[in-house]
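Numbering follows this note's numbering, in which position 92 of the sequence shown is assigned residue number 310; successive positions increment by one, without gaps.
Please keep in mind that the hints were generated in silico from the structure rather than gathered at the bench. It cannot be assumed that every hint is accurate.
The calculated label-pair distances, taken between Cβ atoms and stated as ranges, are [stated by the list, open to error]:
#1 Gln-361 x Leu-224: 37 to 47 Å
#2 Glu-358 x Phe-499: 52 to 62 Å
#3 Ser-352 x Leu-228: 52 to 62 Å
A quick note: this is a predicted structure, and the numbers were derived from the prediction, not measured. From the three backbone atoms N, C-alpha and C, an ideal C-beta is built for every residue, glycine too.
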Amino acid sequence: MDRIYLPQLLPLEEYEKIIVLFSGGKDSLACVLDLLERGVPRERIELWHHDIDGGHPDRKMDWPVTQAYVRAVSEYLGLVLRTSWRVNGFWGEVYRMGASWPIQYTEPDSGIVRECKLSEKQIRSAQLREAVLSSVEQVELEQMGRRMKFPAKSGNLATRWCSSILKIMVADSVIRNIAMDELKEIGDCRKFPAKGSISSGRYCSPNLKREVADTLIRSMDGLRADGERMKFPAKSGCHQGRWCSGALKAQVWEIIKRWHIAPHPCYAAGWNRCSCAMCIFSLPKHWAGIRELFPDWVSAVESDERILGFTLDNKMTLAEYIGDAVSCVCHDDPKALFQLTSGVFSLNDVEQSEWVLPAGAFHGAEGGPC
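Use the sequences and the hints to build the structure in full.
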């Protein structure tokens, strides 16, 4: 990190594209709005949302409304939205046997789903998962990877794998895959020039001599009379910044208020942060709230603990962890509760003419109404 650290980002106008990893939470929303207030053109901003559930056929980890909320906000702001995910999401990773599941993403314009390049282990794992395995093949599959446990409550991303496997690695893989696709479109040599004519592959003369001279001449013809300096494109690269890391919570809510945008419904329900609905760092009050809103979810996790022989909390079962905690759910906003549990959130729900702070805005880690 010391080697690649930048004291500050380049001026915003020097970036061809600004990607905001958009969870739907207050910080990523404030980041987008701040960029727009700074005058960044909408066509340069892309919102990327990682779907934690990854299309799992049976199970959810995130709020049912998050996908609809993210789509509605991006449409309201007139911004491109790209969704990405690891196939089968959180629960596919918990029960994973074999190599990690593939990473997929959408093309915003067409909605086409693309898949990041697979490793040999991923290809072989897919073949084995689809077959009736012999004992030898079962051993082979397990040797290529075996999870069968929850992420740990730890700062170490190797053991708290949910953040790294389902978010960080997804974003990195999609960026690399898109970059490689663009490289192929513009022409990727990666080989020596041929000993022959230009048409047969002797690219060194036209690419490194003639085109350079032609481009320079055209650039000089275009210089302004007042001697404006020529500006060559910077070296291709990707910079990462934590936009809201130094912002006070009040500043984050203030910019959302200025835009009259409804925050994610989980805040109105009493949560103070928009993480996964069943985040491993949730406190007993949060779990009591999930048990109130989604009782089947909590029962399923308790069943997972018995199947895996591994508890979600490091020291006790989920039932012991929740204990007799009082639910954090605030019932002051029935509409938000309906959105949160039904997954219904439309474009018409984004703008709030009479904007008020949500119940969980400043209550602290345990959630509940202010």
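Within 37 to 47 Å: is that where the Cβ-Cβ distance between Gln-361 and Leu-224 falls? 40 Å Cβ-Cβ, so the 37 to 47 Å window holds.
Would you say the C-beta atoms of Ser-352 and Leu-228 sit inside 52 to 62 Å of each other? With a Cβ separation near 56 Å, Ser-352 and Leu-228 satisfy 52 to 62 Å, so the hint holds.
Please check whether Glu-358 and Phe-499 have a Cβ separation lying inside 52 to 62 Å. 36 Å, violated
Comparing the model with each numbered hint stated earlier shows that hint 2 is the single one that does not hold.
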